[in-house]
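Colleague: All chains, please: the whole structure from these sequences, using the hints.
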Amino acid sequence: KQEVTQIPAALSVPEGENLVLNCSFTDSAIYNLQWFRQDPGKGLTSLLLIQSSQREQTSGRLNASLDKSSGRSTLYIAASQPGDSATYLCAARSSGTYKYIFGTGTRLKVLA
Amino acid sequence: DTAVSQTPKYLVTQMGNDKSIKCEQNLGHDTMYWYKQDSKKFLKIMFSYNNKELIINETVPNRFSPKSPDKAHLNLHINSLELGDSAVYFCASSGSGSSYNEQFFGPGTRLTVL
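For the protein sequence lines, the chains are A and B, in the order given. According to my numbering, the first sequence is numbered sequentially starting from 141. According to my numbering, the second sequence is numbered sequentially starting from 4.
Read the hints as simulated data drawn from the structure, not as lab findings. One should not assume that every hint holds.
[Claimed, not checked] A few chain B residues facing chain A, derived, Cβ under 7 Å:
| # | residue |
| --- | --- |
| 1 | G19 |
| 2 | I59 |
| 3 | E105 |
Ideal placement from N, C-alpha and C gives every residue a C-beta, glycine not left out.
Modeller: Structure below.
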């Protein structure tokens, strides 16, 4: 049974810092892993999708990596800005299923 | 606009009532999902349809009944609403094939049961 954990639960950093958010999953037979951001009172916005055959994906200041053997994915945010403040969620889909299991999220605050 | 849309955005109702939430996507996706986000912000999958066929049915009270009239629509009907049903309900969709299975979410429906 897939379980997804995100650490830390909350993070405050000064503007301009590079930071890493962590996502751990228990079933290494994943099909893909997706990172989202959620602003307060809003829906989820897709950031990056990594297929099981990929090691990383990049979009602008964001870079997501995937290490199936260790059951980990990281989201790297370069040069953080106050506009990056949001909750970041990862979701893992196991092979042979359409089901996504979400982590509990990391609430990020970037201070100006 | 290409998107996943949900109606209504807010729903306030009394215990015991029956209500429906509607979802539509114009992304050409063949898989649609319903998620529940509780007060602690944890997202849990409830149902999923692929080409109008139910493929995921989690441990959800049978007061909840999804219906997919076609690939672009997935509705959620809830009978005999209870206080514990208060949550935000999200619809999502994804396509087939490795390049297309990114999930896209609707804006959510905030359900409050009084």
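Colleague: All hints are to be evaluated individually against the structure, with a verdict given for each.
Modeller: Verification of the supplied hints:
The interface hint given for B/G19 is broken, as the beta carbon of that residue sits about 27 Å from the closest beta carbon of chain A, more than 7 Å. A least Cβ separation of about 5 Å between B/I59 and chain A falls short of the 7 Å threshold, and the interface hint therefore holds. Interface hint at B/E105: satisfied, since its Cβ lies 4 Å from the closest Cβ of chain A, which is below the 7 Å cut-off.
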